[in-house]
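Engineer: Chains as they are written, first to last, in UniProt numbering: chain A, 1 to 482; chain B, 1 to 482; chain C, 1 to 482; chain D, 1 to 482.
Hints in this document: simulated from the structure, not taken from any laboratory. Keep in mind that the hints are not guaranteed to be accurate.
Which copy? The list can't say, so a pair holds if one copy fits it or any two copies do.
Straight-line Cα separation of at most 30 Å, DSS-like style, residue types lysine-lysine; simulated pairs [stated by the list, open to error]:
1. K410 <-> K469
2. K24 <-> K410
3. K416 <-> K469
4. K24 <-> K117
5. K469 <-> K23
6. K117 <-> K23
7. K23 <-> K410
8. K469 <-> K117
9. K117 <-> K410
Each chain, written out:
Protein chains: 4
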Amino acid sequence: MLRTDSEYMSSLRDGRSVYYRGKKVEDITSHQVLSAAVRHASLVYRWQASPETRALTVAQDREHGEVSRFFTVPRSSQDLMERFELVYRTTRMGRGTFNIIKAIGSDALFALMIVSKAVDREAGTDYSSRVQRYYSHVLDTDPAIAVAQTDVKGDRLLRPHEQEDPDMYVRIVERRSDGIVVRGAKSHTTQAPVSNEIIVLPTRAMSQEDSDYAVAFAVPANAPGLKMVAKPEPAAEAALTDPWFVLGRENIETESLTVFDDVFVPWDRVFLAGEWRAASALSLMFPTFHRFTAISYRAGIGDLFTGLAKLLAEYNGVDDRSHIRRDVVEAIRYKELLRATAIAAAVNCRVDRETGIAIPDTVFTNVGKLVANTGYLDMVKALVDVAGGLASTMPSSQDFSGELGELVAKYLKGRKGSDPMERARLIALTREILSSFGALYTAAMIHAEGSIEASVLELFRSYDYTDSKRLARFAAGIDREI
Amino acid sequence: MLRTDSEYMSSLRDGRSVYYRGKKVEDITSHQVLSAAVRHASLVYRWQASPETRALTVAQDREHGEVSRFFTVPRSSQDLMERFELVYRTTRMGRGTFNIIKAIGSDALFALMIVSKAVDREAGTDYSSRVQRYYSHVLDTDPAIAVAQTDVKGDRLLRPHEQEDPDMYVRIVERRSDGIVVRGAKSHTTQAPVSNEIIVLPTRAMSQEDSDYAVAFAVPANAPGLKMVAKPEPAAEAALTDPWFVLGRENIETESLTVFDDVFVPWDRVFLAGEWRAASALSLMFPTFHRFTAISYRAGIGDLFTGLAKLLAEYNGVDDRSHIRRDVVEAIRYKELLRATAIAAAVNCRVDRETGIAIPDTVFTNVGKLVANTGYLDMVKALVDVAGGLASTMPSSQDFSGELGELVAKYLKGRKGSDPMERARLIALTREILSSFGALYTAAMIHAEGSIEASVLELFRSYDYTDSKRLARFAAGIDREI
Amino acid sequence: MLRTDSEYMSSLRDGRSVYYRGKKVEDITSHQVLSAAVRHASLVYRWQASPETRALTVAQDREHGEVSRFFTVPRSSQDLMERFELVYRTTRMGRGTFNIIKAIGSDALFALMIVSKAVDREAGTDYSSRVQRYYSHVLDTDPAIAVAQTDVKGDRLLRPHEQEDPDMYVRIVERRSDGIVVRGAKSHTTQAPVSNEIIVLPTRAMSQEDSDYAVAFAVPANAPGLKMVAKPEPAAEAALTDPWFVLGRENIETESLTVFDDVFVPWDRVFLAGEWRAASALSLMFPTFHRFTAISYRAGIGDLFTGLAKLLAEYNGVDDRSHIRRDVVEAIRYKELLRATAIAAAVNCRVDRETGIAIPDTVFTNVGKLVANTGYLDMVKALVDVAGGLASTMPSSQDFSGELGELVAKYLKGRKGSDPMERARLIALTREILSSFGALYTAAMIHAEGSIEASVLELFRSYDYTDSKRLARFAAGIDREI
Amino acid sequence: MLRTDSEYMSSLRDGRSVYYRGKKVEDITSHQVLSAAVRHASLVYRWQASPETRALTVAQDREHGEVSRFFTVPRSSQDLMERFELVYRTTRMGRGTFNIIKAIGSDALFALMIVSKAVDREAGTDYSSRVQRYYSHVLDTDPAIAVAQTDVKGDRLLRPHEQEDPDMYVRIVERRSDGIVVRGAKSHTTQAPVSNEIIVLPTRAMSQEDSDYAVAFAVPANAPGLKMVAKPEPAAEAALTDPWFVLGRENIETESLTVFDDVFVPWDRVFLAGEWRAASALSLMFPTFHRFTAISYRAGIGDLFTGLAKLLAEYNGVDDRSHIRRDVVEAIRYKELLRATAIAAAVNCRVDRETGIAIPDTVFTNVGKLVANTGYLDMVKALVDVAGGLASTMPSSQDFSGELGELVAKYLKGRKGSDPMERARLIALTREILSSFGALYTAAMIHAEGSIEASVLELFRSYDYTDSKRLARFAAGIDREI
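Starting from the given sequences, assemble the full structure and let the hints guide the process.
Structural biologist: Below, the structure written as C-alpha cells:
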C-alpha cells in the first residue's frame, strides 16, 4: 500500500537519534541542513502520486495492491531492464542524484531471499519465511529503507575476532529467547537518518571464530540504542548561502555512522545469526544486485555530465574544436558504457532456481562498476576542460543581481546570441559539482558499492577462464582442437 | 548453395592479378606465403561441412536452400545477437583471427539493401532490384567476398575533384550503354586476393562536383584491369622459419592495394553511379554494420589475451600478485566491454521500415568501437607485464630441440610442477603477437573499421543530446521541470 | 625596502572597490571571509621578518637595500634553481597553497623588461626605462602585486575588434596627453583584491585592427574606476563552520573579475600602447616565467599529496598493499616530475642578450606544465583510493567532541596503535581538499597558467624538430648520414 | 688503449659457444643474422676512430692514454650530464638503437667500485683492489662488455636455496684454491654473444642460506663451459627480405640465455663470493647507474618517434589537425620528460665519500624509468594514429620497384608536393618498429632495466617521506609548525 509524502514526513518524527555536527537533531524534517535529504527522499512518494510518473514508479501486486515498483522482484531479463530504466530515470528526475531509499532495500531483500533459502536448506533454519514476512511488511507499509553493510573495521589487517576491540564489526553480544542484542557500528549508511527501516548485512566472509559477526537483520530507524551520526553536508550548507545551488538545496542524500549501542532485534527480524558460512554468500549476492543499481544511477550522472559539457561547449562557443569534441565524447562514453553493461547484465542474467529471481550477470555488472569507478575523474577532467577557469573563479549568484549586476553580466558573456544568465547557471552547476559535491562524488564514485580493488578482485576470482584458456592453448599450438 | 573448400580453392585459380613483393603470384593457393591466407579463408567452407560447426555456420533459406549463416539478413535483436555469436565464435575457431570473407560482404549488402531503396525513391533509379539480384547470386554461389572502401586519398586536405591527380578516389571514367568503366585505387582491402567478389563502396560524403566519385559496384576478383598488390606478410614469412608460429602459418588475412586500372562493370553490378547525395548515407551505413562485426571479432581477440595472460600468470607462478591481477582484469575488461556494447547494440537495434533489416544501434556500436581502438595497447601492456622479458628474449623453438635442448629446458622452467614446453609455447605466442602480428594488430586495432577520430566524430555529431541537455538545464535551475 | 605585515594590512584600507557576494567590502582585512586571503598574503611579510625564514625570502640589493627575494632578477641557472626553491618552500610554508603576491608580479616584470627592450628597438619608444622606473618603485615599496592577463573574451571565435561588444578585451578608449583611459575586464585575477598594484598584460597575439587592445600597464589597486568582484570562497566559508579546516581559514587566495570601468593610467605606468606586433611576444614571455613558477608551486602540492597519502596508508593500516603502493607512488611521480622539469628548465635556461635575464627553457617548462595539468586528477584518484569512503562520510569535527564523542572515536579507529584523532584530521584534510577546494584545485590545475590545449599548442609550434627529423630520415634510410 | 673495429671483429673469432636457432654459430662476424649485432657494436669502435665523433667518444686517461669515454668514472653533476649526452647522442647515431657494449659494463664497474669498498670494510676482503685491477685491464684492452644479472629464477615464489633445482640462480658449486666454479643461467644478457667480457652480478637480496648465490665475477666470452643461446632476431631476418629495413640490417642488439655450465673463474676476477649481505647493495647500485643510462638512451628513442611522427604528419598532410598535434606532443613529452629526469638526476647526484664516484639521484632516475616504462605504448599509439593504416597494409619495397612500381607510386602519394618514396620509407620504418622490433621494443620498454613494479617498489620503499609527512600534518592542523 502506497504511502504519501506527507505520511512519509510524519513517519520521520518518531524519536530517532540523529546527530549533526555534534548536536541531536530534534526534527529532521525541519532541520536546516538535513531537511534537504528528506525533501529528496520524499520525491519517491511524490512520484508515486503524480499522474505523470505513477506508471514508472508504481506496480500492481496481487496480494498487496499498489506497491512501489522498486520492490518488484525481477524474474527475467526484461524485468531487470525495466529496473535499470526505473533507477536511471528517477536519477534524472532527481537532477542526477540517485534516490536510494527504495532501491537499496529491495537489492538487500532480493539477496536475502536467495541466500536464506540456501542457509535454510543447509542449516535447517527458517530464515526464508522470516524474510518473506518482512517483505510482506515492506509491501504493506511502503517504508524508506537504508542498508548498513560496511563495518568500521578497525585494523584492516585483522579479522573480526582478532581485533583489540571486539566491536569493530557488528556482532551478537547476547542471544535471548525473544531475539538478539547487537553491538557495533557501520560506516557510510546512505540515507539512514531519513529512513524507516535499516537492514543490516555482513560485510565479508567469516570464519568459524567470527560466528557472532555473521549476522543479518532489520530494525526500525528509531530502535532504542540505535544512533546515527550524519556526515556534514557541504552541499546543503553551501546552498543556504547560494540560491543557484539547486542540487544542494533539493537533491542530497546523507550518510551516517550508524552505531548499534546494544540494540535488541526480535527473532522475526533476524535473517542470519551465526551461520558463518553464509556470510560470504550474502556479502557477495547483495553487491551483485546493488552494483547493477549503481551502474544504472551512474549512467544518470553520466547523462548530466553529457548535457552539461555539450551545453557549456555551445555557450562558450567552442563546440567545433577537436579537443572539446573529445571532452564531450568522454562523457557520452562513460554514460553509454554503463548503459551497455547494464543491458548486457540484464540480458545475461541468471535465474535462481529456488526463488525464480533474476540475478544480473556478475561479470558485466562488475566490469560496468569498474568503468564507473575508474572513469569518473576522467569525465570531470573533460568537463572542466570545456567549462574553463570560470568553473572556479566566476562571481557568485549575488553578484549577478547586486550593485554591479549589469557590469558582471556585460563581461561574462559567451557565444554571440547565447543567454549570459543561462551560461552563468551552467558554470555555477559545474562549480557546485566540483566543490559542494566534490568529496561526495569523488569518494563515492571510487568507493561506493565497492572500491576499484574490490571489483578487480571479484572479477579476477570469479571469472570463468575455461574457454579463454582453451583458445590460448589452441593458438599457442599446445592443443590441436579448441 | 554451399561450396566446399576444395571448390573454393579451385575458384582462386582464375587468372587474377595478384602481386607479392613485386612479383606476380601465379597460383595463390600454392604460394609459399599467401597460401596461409587461403588456408584461413577456407576454414569457413570447412566449418560449413563439419558436423560440429554446421549448425553454427549454415542457415536454411526458403529459396536457396542451405546458405552461409553470415548471409542471413538480421531482422531482430535476436538475429543480431546470433550474428555477434557467429563472428565471435568463428574468430575463436581461427585462433583469434577474424574470418572476414563472408562477414564483410554481408555487412556491405545489408547497407546497400537499405540505402538503394532510399536512392531509388528519391532518384527514380532501380538500384535496389540490382542489389537484390546480386544478393541472390551470392546465395547461389557462396563466394568469398571482399569490400573495398578506403580510397588512397592523395592530399587529405582536398576533396576528390580538387586533387591534382583525379584518380585519388575511385571514379567513373566512362559511362557506356552496357556499363561503366572505373579507375582508381583502394587501400587495405582485406582478403581481396583470396576472394571471389569485390564490392566497392564510396569512402566519404561527396559534393555535386564529386559526382563521378559517388560510385558503388561489384566485380569478380579476376576482372580485367583489376590488380591487387598484397601487403608483405611478416607473420607468414616468420612462420616459415619458426614451427611454433601456428597463427602465422594457419591464420592470417592479407590486405591489398586494390587498383582499378580501367575496369569495366556491367550495369547490373552497379549500385550507385553519380547520385552523390547518397554517398554519405552509404559511407555511414556500411560502417555501422561493419563496426558491429568489428566489436564482435575483437571480443574474440580479447578472449585470446585473457586466456593467454591468465595462463602465463599461472605458469610464471605470479598468479597471486596484485599488479598481475590488474593485468589479467585489463584483458577481461576489454573483452567484456566489447561483448556488452555488442549486446546493447543488438538489443537497441533499429528496424528499417522499408526493408525490415535490423540495424545495430550506432551509439553503442561506436562506443564499443572506441573502447576497441583506444584500449588495445593497454591490454598489450598488461600482457607483456605478465609475460616478462622472455616475450622478447626467449630462445627459439629450435633451441628447445637442438644440441642444447636439455639445458635450455632446464633453465626455462616456471612455477613448480608446470610444463616448461607449454610455458615456452605460450611465451612464443606472445612473441608472435608482438612481432609477427605487431604492425597488423597495432595499426588495425587503431584504424581498421575507422580510426579513433572517426568514432569520436561520429559519436559527437550523431548523438541525440536532447534528454541530456534537458537534465543539465534542470539541474542548473534554468528549467523547473525535466 | 621591506614592508611589515601590519604595514601591508594597513595598505589595504585605501578605498579600493572590492565586492563579495553582491556587497561592497568595507575593510577587507576584517571581512569575515576574505580576511583569510589577507592572512595568507601577509605571511610573505611575516616570513621576511622572521629570523628563520629571512634568509630564504630576503635579498640584498645594491641600491635598494633589503628587498623581497622574489624580486631578484634571475641571471643564471643557479638563480632559477633558487627561485624554484623559494616558490616550492614558501608553498609548503603555506600548507600547500602558493603565495602569489610577489611571485607573479616579478614574473610579469621580467617579461616586461625583456619585451620592452625589443619594442623600443623596433618602434623607437622608451617603454624599457618606464619598466625600469616601475621596478625601482616596486623594490622601494615592497608591494603585493597581482597580474591581470586573461580577458573575458566574449565570443571565443571572434578576434578582439570583431566582437559585438568592443569591450570584451581590455582596450584603450582614450589617449590623453598625460596618459590613457582603459576599459574592459579581466577574468580570474589571483589575489587582486588583496594586492597593492595590478599589472595588466595582453592575453594573445593581436592584428593591426586590434591595436587598441595591445596594451600593458600598471595601476594601484584603488585606482578610480577599478572594480574587483571576488569569487565566492567555499573554503573560507566552510572553515567558519568547521574548526578542522585550517587550510580554508588560513591559506586561501581569492580571485576577482577585475573590471576597468574607464580607468586612467599615466604614461609612466603604460608599458605598451598600440604596438600590436609586441602583444604576442609579451603574451608568450610572461607565461614562460609564470609556468616555471607554476611547476614550482605545484611540486609543493604534490608534496602535500605525497605526505597525506603515505600517512593515510599508515593510519589505515594498508601501507603494504600493492595497489596502495601504486597510489602513493602516483603522488611521488607527480611531484618529482615537476621538480625534474623545473631543474631541467633552469639548467637549460637561455640568457637574454640585451637584459642578461635568465629565461627558463620553454620546452621543459611546458612539458612540466602539461604533466601538472593532466596528472592532477590521477593523483586525486590515488589519494581517495587510499583514504577510503570516509573522505566523504566521516562525521564532522564537532561529532568527535560532542555528546557522542566517545562512541565516534571508539568506532573510527584505524591501525592498532595509531591515534584516531590524528587519523580523523588527515581524513578531514582530504575532505577539505576535495570539497572546499574542489572547484579551485580542479579548475586551477587544469586551466591556471594556461590550459592543456595551450601547452600542447605551445609545444607543438615552438618545438625545434630539426634533429628529430634528421634522426627519423636517417633511420628510415632516406639519408645516409645523421 | 683504443681498439679498432677490425680488431674488435677479429676478437670475436675466439672459439666462443654461441647458438642460433638450435645451431652452433661458427663465426658470428659472418653469420647471416647475428652479424647485424656485430655491425652495430662495431660502430662504437668506428666512432672512436672517426674525426667527427672522436671528441664525443674518446677520453684521455692519465695512466692509460686514450680510452673510451664510456669508461670515464663520473665524479660530478657535470660528468653525469656528459654521460647522458654520450648515451643519448650515440643512440641517435645508431638510428635510435642503444649501443650497450661499453655503457653497461661501466655501469657495473662503477657499482662494483662502490660496493666492493663497503664489503672490504665490513668483511675484511680485498675485492676493491681486484675490481680496480680489472678496471685497469678494461682501460688497457677496450673490450666490449656484457652484464648478466637476471637469473632464470624458476619458481618465482621460492628463494634461491628453496628451488627444487638448485641451479635456478647462478651459484658457486666449488671453491678451489685458484678460483671458483659457477653454475646456473642468466636470462636476456644483451649483446653477450658479441662481447669480449661478461660481468655477472646477483639479481636480488640474499639470505644467509643463499650464500652460494651471492656471487659476482667477470669472465671472458669464450670461457670453457660458457654457452650463449641467442634469441631469434626477427628484425635481422626480416631485413634479409626487405631492403628498406635499415634498422634491422644495421642496428640490432641481440640477447642471450647465458648458461654457466660449470665455468671456472680465477680469484682475481671474483668480486663477491658468499658475502650475502652485499648482494642487496650490489643488486640495487648497479640498476641506479644502469637506469640512468636507460633514460638516456630511451630519450633517443623518444627523439626518433618525435621526428617520425612529425614527418608523417607533414607527408600525410594532416599536420594541422588538433588530434595529430596531441599525438606529436605525446612523443615530445616522452622524450623531454626523460631528458628532464636525467638532468635532474645528474644535478642532484650523490658523491660517494669513499670512491668519489657521482651516483645519479635514485628518485629522479626511477621516476624517469617509470615514465619510460609506462609511457612507451602511449607513444606507439600516437605514432600509429598519425601513420594511418598503411603502417600495416602498405605494399612492400619490392612493389615500388616491381612491374607495378609506377602504379603503386601513383596511388601512394601523400600531401601535394611531398615525395612519395620518402613517405613510403617513413611508413616502412614505422612498420619495422611495430613488427620486426615489436616484441623487442614492447617487452624491453616495459621490462628492461627493471619492470614497472620494480620501479614502483624501489620508489615506494626508498623515498624519504619526512618532509612530505611534516607538510601533511601541518596542513591537517595536527602540528602547528612545519
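Engineer: 30 Å Cα cut-off: does K410 pair with K469 within a copy, between copies, both or neither?
Structural biologist: between (65 Å within a copy, 25 Å between copies)
Engineer: How would you classify K416 and K469 at a CA-CA limit of 30 Å: within, between, both, or neither?
Structural biologist: between (59 Å within a copy, 19 Å between copies)
Engineer: Taking 30 Å as the upper bound on the Cα-Cα distance, should K23 and K410 be classified as within, between, both, or neither?
Structural biologist: Cα proximity of K23 and K410: across copies only (18 Å, versus 45 Å in one copy).
Engineer: If the cut is 30 Å between Cα atoms, do K469 and K117 qualify within a copy, between copies, both or neither?
Structural biologist: Close neither inside one copy (34 Å) nor across copies (46 Å); limit 30 Å.
Engineer: Give the relationship of K24 and K410 under a CA distance limit of 30 Å: within one copy only, between copies only, both, or neither.
Structural biologist: between (47 Å within a copy, 19 Å between copies)
Engineer: If the cutoff is 30 Å on CA atoms, where do K117 and K23 land: within, between, both or neither? Let me know, please.
Structural biologist: Classified as neither; 43 Å inside a copy, 65 Å across copies.
Engineer: Is it within, between, both or neither when you check K24 against K117 at 30 Å Cα-Cα?
Structural biologist: neither (40 Å within a copy, 68 Å between copies)
Engineer: With identical chains treated as interchangeable, where does the CA-CA distance between K469 and K23 reach 30 Å or less: within a copy, between copies, both, or neither?
Structural biologist: neither (59 Å within a copy, 33 Å between copies)
Engineer: State whether the alpha carbon distance between K117 and K410 is at most 30 Å within one copy, between copies, both, or neither.
Structural biologist: Answer is neither: 67 Å inside a copy and 36 Å across each miss the 30 Å cutoff.
Violated hints, in rising order: 4, 5, 6, 8, 9; the structure is consistent with all others.
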